[in-house]
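Q: These are the residues of each chain, in order.
Protein chains: 2
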Amino acid sequence: MKDLNWTCPAPLPSEDRILMAHGGGGKLTQQLIEKLFLPLFSNPALEARHDGAVVTVKGVRLAVSTDSYVVQPLFFPGGNIGDLAVYGTVNDLAMCGARPLYLTAGFILEEGLAMSALGRVVDSMRAAAQRAGVQLVAGDTKVVDKGKGDGVFINTAGIGVVETQLAIAPSSVRPGDAVLLNGDLGTHGVAILSVREGLEFESEIMSDTAPLWEPVAALLDAGIEVHCLRDLTRGGLSSALNEIAGVAALTIRVDEAAIPVSAPVKGACEILGLDPLYVANEGRFIAFVPQQQAEQALAAMGPGAVQIGEVTGEARPTVILRSRIGGNRVLDMLTGEQLPRIC
Amino acid sequence: MKDLNWTCPAPLPSEDRILMAHGGGGKLTQQLIEKLFLPLFSNPALEARHDGAVVTVKGVRLAVSTDSYVVQPLFFPGGNIGDLAVYGTVNDLAMCGARPLYLTAGFILEEGLAMSALGRVVDSMRAAAQRAGVQLVAGDTKVVDKGKGDGVFINTAGIGVVETQLAIAPSSVRPGDAVLLNGDLGTHGVAILSVREGLEFESEIMSDTAPLWEPVAALLDAGIEVHCLRDLTRGGLSSALNEIAGVAALTIRVDEAAIPVSAPVKGACEILGLDPLYVANEGRFIAFVPQQQAEQALAAMGPGAVQIGEVTGEARPTVILRSRIGGNRVLDMLTGEQLPRIC
Numbered sequence: 001m002k003d004l005n006w007t008c009p010a011p012l013p014s015e016d017r018i019l020m021a022h023g024g025g026g027k028l029t030q031q032l033i034e035k036l037f038l039p040l041f042s043n044p045a046l047e048a049r050h051d052g053a054v055v056t057v058k059g060v061r062l063a064v065s066t067d068s069y070v071v072q073p074l075f076f077p078g079g080n081i082g083d084l085a086v087y088g089t090v091n092d093l094a095m096c097g098a099r100p101l102y103l104t105a106g107f108i109l110e111e112g113l114a115m116s117a118l119g120r121v122v123d124s125m126r127a128a129a130q131r132a133g134v135q136l137v138a139g140d141t142k143v144v145d146k147g148k149g150d151g152v153f154i155n156t157a158g159i160g161v162v163e164t165q166l167a168i169a170p171s172s173v174r175p176g177d178a179v180l181l182n183g184d185l186g187t188h189g190v191a192i193l194s195v196r197e198g199l200e201f202e203s204e205i206m207s208d209t210a211p212l213w214e215p216v217a218a219l220l221d222a223g224i225e226v227h228c229l230r231d232l233t234r235g236g237l238s239s240a241l242n243e244i245a246g247v248a249a250l251t252i253r254v255d256e257a258a259i260p261v262s263a264p265v266k267g268a269c270e271i272l273g274l275d276p277l278y279v280a281n282e283g284r285f286i287a288f289v290p291q292q293q294a295e296q297a298l299a300a301m302g303p304g305a306v307q308i309g310e311v312t313g314e315a316r317p318t319v320i321l322r323s324r325i326g327g328n329r330v331l332d333m334l335t336g337e338q339l340p341r342i343c
Numbered sequence: 001m002k003d004l005n006w007t008c009p010a011p012l013p014s015e016d017r018i019l020m021a022h023g024g025g026g027k028l029t030q031q032l033i034e035k036l037f038l039p040l041f042s043n044p045a046l047e048a049r050h051d052g053a054v055v056t057v058k059g060v061r062l063a064v065s066t067d068s069y070v071v072q073p074l075f076f077p078g079g080n081i082g083d084l085a086v087y088g089t090v091n092d093l094a095m096c097g098a099r100p101l102y103l104t105a106g107f108i109l110e111e112g113l114a115m116s117a118l119g120r121v122v123d124s125m126r127a128a129a130q131r132a133g134v135q136l137v138a139g140d141t142k143v144v145d146k147g148k149g150d151g152v153f154i155n156t157a158g159i160g161v162v163e164t165q166l167a168i169a170p171s172s173v174r175p176g177d178a179v180l181l182n183g184d185l186g187t188h189g190v191a192i193l194s195v196r197e198g199l200e201f202e203s204e205i206m207s208d209t210a211p212l213w214e215p216v217a218a219l220l221d222a223g224i225e226v227h228c229l230r231d232l233t234r235g236g237l238s239s240a241l242n243e244i245a246g247v248a249a250l251t252i253r254v255d256e257a258a259i260p261v262s263a264p265v266k267g268a269c270e271i272l273g274l275d276p277l278y279v280a281n282e283g284r285f286i287a288f289v290p291q292q293q294a295e296q297a298l299a300a301m302g303p304g305a306v307q308i309g310e311v312t313g314e315a316r317p318t319v320i321l322r323s324r325i326g327g328n329r330v331l332d333m334l335t336g337e338q339l340p341r342i343c
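Protein chains in written order, with the working numbering: chain F, 1 to 343; chain B, 1 to 343.
No lab work stands behind these hints: they were computed from the structure. Since the structure is predicted, the reported quantities are computational estimates derived from the model, not experimental observations. Glycine included, every Cβ here is placed at the ideal spot set by N, Cα and C. Be careful, since some hints might not be right.
Straight-line C-alpha distance at most 20 Å; calculated EDC-like pairs for lysine to aspartate or glutamate [what the hints assert, rightly or not]: (1) Lys148(F) - Asp145(B); (2) Lys148(F) - Glu111(B); (3) Lys146(F) - Glu111(B); (4) Lys27(F) - Asp145(B); (5) Lys146(B) - Asp145(F); (6) Lys27(B) - Asp16(F); (7) Lys146(B) - Glu111(F); (8) Lys146(B) - Glu163(B); (9) Lys146(B) - Asp16(F); (10) Lys27(F) - Glu110(B); (11) Lys35(B) - Asp123(F); (12) Lys148(F) - Glu197(B); (13) Lys146(F) - Asp16(B); (14) Lys148(B) - Asp123(F); (15) Lys146(B) - Glu110(F).
What follows is a list of derived Cβ distance ranges for each label pair [stated by the list, open to error]: (16) Ser203(F) - Gly198(B): 52 to 62 Å; (17) Glu270(F) - Pro39(B): 41 to 51 Å; (18) Gly176(B) - Glu34(F): 48 to 58 Å; (19) Pro264(F) - Glu197(B): 16 to 26 Å.
Chain F extracted, bound-state conformation:
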């Protein structure tokens, strides 16, 4: 815990206003949550610091999650804000081990938005909801004056049912757990940034945006004792590992050489000055499982899944990266903003 308070006694001009980095999923986002939201809304569901909350209503365990989507541009290689808004929230439910059932959608439209663009976005949501097996059951539309929004912002909230008896959460992570990853990193962030910067690569890099309940269901159906799941959105792999190491109060070690990054993404990251370990993904997740079940779990997660590291017995909330050349370095949470408005 940092001792920087959100209302600093003698705030610097830059400290008492919202910065882009407060939305980046890194350190400032964490501080905003820890200093502003958690103290005011103290309850076990929120304090679990998971992707969604698990609550019990009349004996039924439900997962609940929400995300707002402000991605720019609205349309990018491999997806758009519409399917992103469905998969993003569905995936937060899946990360709780919940089968996604229902979604709500709130639209904030900017005056002047082309109906045809909205039509394409909403049609993508329909297709994505169908693919993910969820029903959109409630919605809302607001319009803000031209210049007070940015085309369309979408909020989705999701409800899923938790049928597993496992407590899938950062606090369930144990020393000795294997850290598994379901595919290569960085395509979503690079796809967005390449459009934004007007870059063209030899082979177009497509966002990995996809629903993740299927591989999670496969893990559960295979009887894997899943300890924790986390999708690698804002802040990327590094921030996810740091958040989990923080809650579990354990050290996680990962091997740089084991983390798959495609050659085009690697090349694009070099040009764009990005580190793929911090770039947002929309179809990638990590699973913490007992080492003896790692092989079986990888098979369930599908082709492309690899083990990238393990949880050690050290009771220090740190992430250590073993680099390709053999050295060890602390892999910190994202500081500042790397890629604003990536989701």
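Starting from the structure of chain F, add chain B where the hints point.
A: Below, chain B without anything else, positioned relative to chain F:
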């Protein structure tokens, strides 16, 4: 049903773009829902056209609702965007006859927003959640560039449990039903507009923003056979009556003389050129109940509750206002925008 399609074969320039009035809760909002959203997301929960959806998960009946809040200014007499975002969604659940349990909150912050303003908003949400008896269990924060947002937008989604066996919905409205209203109209809209226009009235008009589960629970506890409930937000009383008359395919008659509007609100509406029947409220609702239970229902709804009309046997989806001077006129749905960004 109008035959105007959202992608008109030969659209006028003004027809193929989003207008402020698409968010006003009136005719254009209805068209957007009917032409764009409903055809793509066809399911019984959405087609009920209620304030929230009622779904069943493992035998438990849940109400689900969402709203985004874009009110301007953020702070107004009697409330701010924070408590509005709690009560608005809690009330949508209550209108389904559901006891509100959990909320999610998604914040879209504009770069440069003062932390102290955000702190006040979030603290109001805490107090409002406590008063309404709900827990905020999941949240999300995004930041957009300065000039691409407007201070703060909040989306909340709510989950409630439906314990009544009644089907509380527009389709349950029956000929002979009494139409009851829980208090005077127009204070929320006038409170907002007076700040926006820099007007000062002799006595400050305060928004009526308040949670509504308590009077709804009182109705249910009293054994009232509630047919339909609707809070009178965007578009006001007239739009709510028209929406319900439309789904029920019945004529509703209301008495102008029976509809309470305070003298200060009446005066302010005259100055501002507003009709209180179309002004948004945030703590007012109408209840459709059998006429023989009307007295008992009014007692349960609390002081200020009055009967304003009844549902007739005419199978025509119309709202008729008996004016003070004795004439009858059709009370139409709000067309165009009366009060943009009122919630």
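Q: If a hint holds in the structure, say so; if it does not, say that too.
A: We went through each hint and held it up to the structure:
no., hint, result
1, Lys148(F) - Asp145(B), "11 Å, holds"
2, Lys148(F) - Glu111(B), "12 Å, holds"
3, Lys146(F) - Glu111(B), "17 Å, holds"
4, Lys27(F) - Asp145(B), "19 Å, holds"
5, Lys146(B) - Asp145(F), "15 Å, holds"
6, Lys27(B) - Asp16(F), "42 Å, violated"
7, Lys146(B) - Glu111(F), "17 Å, holds"
8, Lys146(B) - Glu163(B), "45 Å, violated"
9, Lys146(B) - Asp16(F), "15 Å, holds"
10, Lys27(F) - Glu110(B), "18 Å, holds"
11, Lys35(B) - Asp123(F), "12 Å, holds"
12, Lys148(F) - Glu197(B), "19 Å, holds"
13, Lys146(F) - Asp16(B), "15 Å, holds"
14, Lys148(B) - Asp123(F), "25 Å, violated"
15, Lys146(B) - Glu110(F), "15 Å, holds"
16, Ser203(F) - Gly198(B): 52 to 62 Å, "58 Å, holds"
17, Glu270(F) - Pro39(B): 41 to 51 Å, "46 Å, holds"
18, Gly176(B) - Glu34(F): 48 to 58 Å, "57 Å, holds"
19, Pro264(F) - Glu197(B): 16 to 26 Å, "56 Å, violated"
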